[in-house]
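Colleague: Sequence:
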Amino acid sequence: MYKYQQISEKIRKKIVNGNFKAGGLLPDQNKLARDFGTTRITIRKAIQALIIEGIVYTKRGAGTFVRKDYMQNLDDMGNAIDKPLGTTHTHPNKKVTSKVLSLNARLPTNEEQSSLMISSTEPVYVIERVRYIDNKVYSYEHTIMPTAVAEITEDVLHHSIYQYLADECHLTITGSHRIVRAAKATQKDVEAMGVKKDDPVLVIEQVSYLEDGEPFEFSESHFPYQTNQVTADIDLNV
Numbered sequence: 001m002y003k004y005q006q007i008s009e010k011i012r013k014k015i016v017n018g019n020f021k022a023g024g025l026l027p028d029q030n031k032l033a034r035d036f037g038t039t040r041i042t043i044r045k046a047i048q049a050l051i052i053e054g055i056v057y058t059k060r061g062a063g064t065f066v067r068k069d070y071m072q073n074l075d076d077m078g079n080a081i082d083k084p085l086g087t088t089h090t091h092p093n094k095k096v097t098s099k100v101l102s103l104n105a106r107l108p109t110n111e112e113q114s115s116l117m118i119s120s121t122e123p124v125y126v127i128e129r130v131r132y133i134d135n136k137v138y139s140y141e142h143t144i145m146p147t148a149v150a151e152i153t154e155d156v157l158h159h160s161i162y163q164y165l166a167d168e169c170h171l172t173i174t175g176s177h178r179i180v181r182a183a184k185a186t187q188k189d190v191e192a193m194g195v196k197k198d199d200p201v202l203v204i205e206q207v208s209y210l211e212d213g214e215p216f217e218f219s220e221s222h223f224p225y226q227t228n229q230v231t232a233d234i235d236l237n238v
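At position 30 of the sequence shown the residue is numbered 30 (full-length UniProt numbering), and the sequence of numbers has no breaks.
Everything labelled a hint here was simulated from the structure, so no lab data went into it. None of these values were measured; they are calculated from a predicted model. Only true hints are included.
Now the in silico label distances, taken between C-beta atoms and shown as ranges:
| hint | residue 1 | residue 2 | range |
| --- | --- | --- | --- |
| 1 | Arg106 | Val190 | 23 to 29 Å |
| 2 | Val230 | Lys13 | 24 to 30 Å |
| 3 | Lys31 | Lys136 | 35 to 41 Å |
| 4 | Arg40 | Ala148 | 37 to 43 Å |
| 5 | Lys14 | Thr186 | 40 to 46 Å |
| 6 | Gly61 | Gln229 | 33 to 39 Å |
| 7 | Gly23 | Ser114 | 41 to 47 Å |
Heads up, the beta-carbon is just placed ideally off N, CA and C, and yes, glycines get one too.
Build the full structure now, drawing on both the sequences and the hints.
Modeller: As structure tokens, this is what we get:
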């Protein structure tokens with residue numbers, strides 16, 4: 001994880017913990033640089049990362065402010081289409097747990113080869129798990145990941161895969177390509193999440209990338225319609 005990412009994570013935690021209040025002004029970049037023992041350039045990059053995540057915003061001549069609705073958004077079980085999908089990362093003030101349904105390895109299908117840019121002889125993990133937020137069903141995940149990326153165990157799956165890749169494998173996740181659609185609940189959704197057959201579910205398909213552009217994950221996550229929604233921040237200043 002780069003220095004600016006470490007700092008943006010620390011600022012985010014200060015916001016969640018109430019050290020920086022919703023709607024309040026952050027210290028100026030010079031003070032933040034002194035507090036974190038770094039340069040203004042690094043602080044600027046950290047702030048930009050928080051802006052992209054929808055946590056803070058800037059006013060020219062006034063400074064950087066914490067968004068008033070940020071903590072309210074954390075209390076929801078929804079998804080931000082332009083934010084990281086990792087459940088633990090996007091719900092830092094919640095209890096996130098997992099039920100592992102299966103962890104297997106096999107050779108990839110044609111679709112998986114194309115999405116992950118791998119050959120037919122490169123094995124992949126097939127991961128199925130249910131994610132819970134504060135003991136309530138949040139999602140059912142079906143993930144395909146090349147075994148060459150990292151060693152994945154059932155213990156890893158009970159926690160955050162993204163955090164494991166960053167902290168233990170020293171890999172940097174830089175982005176995802178996503179498709180969001182609605183679908184009817186399948187029998188697997190019924191078994192995994194306890195929803196009713198043919199109930200509407202929110203589906204997010206994504207391919208996620210490491211900093212060198214290598215795809216490391218091809219996944220499809222299903223969310224119950226009763227507890228999920230999609231939000232997005234639209235920046236017209238581009």
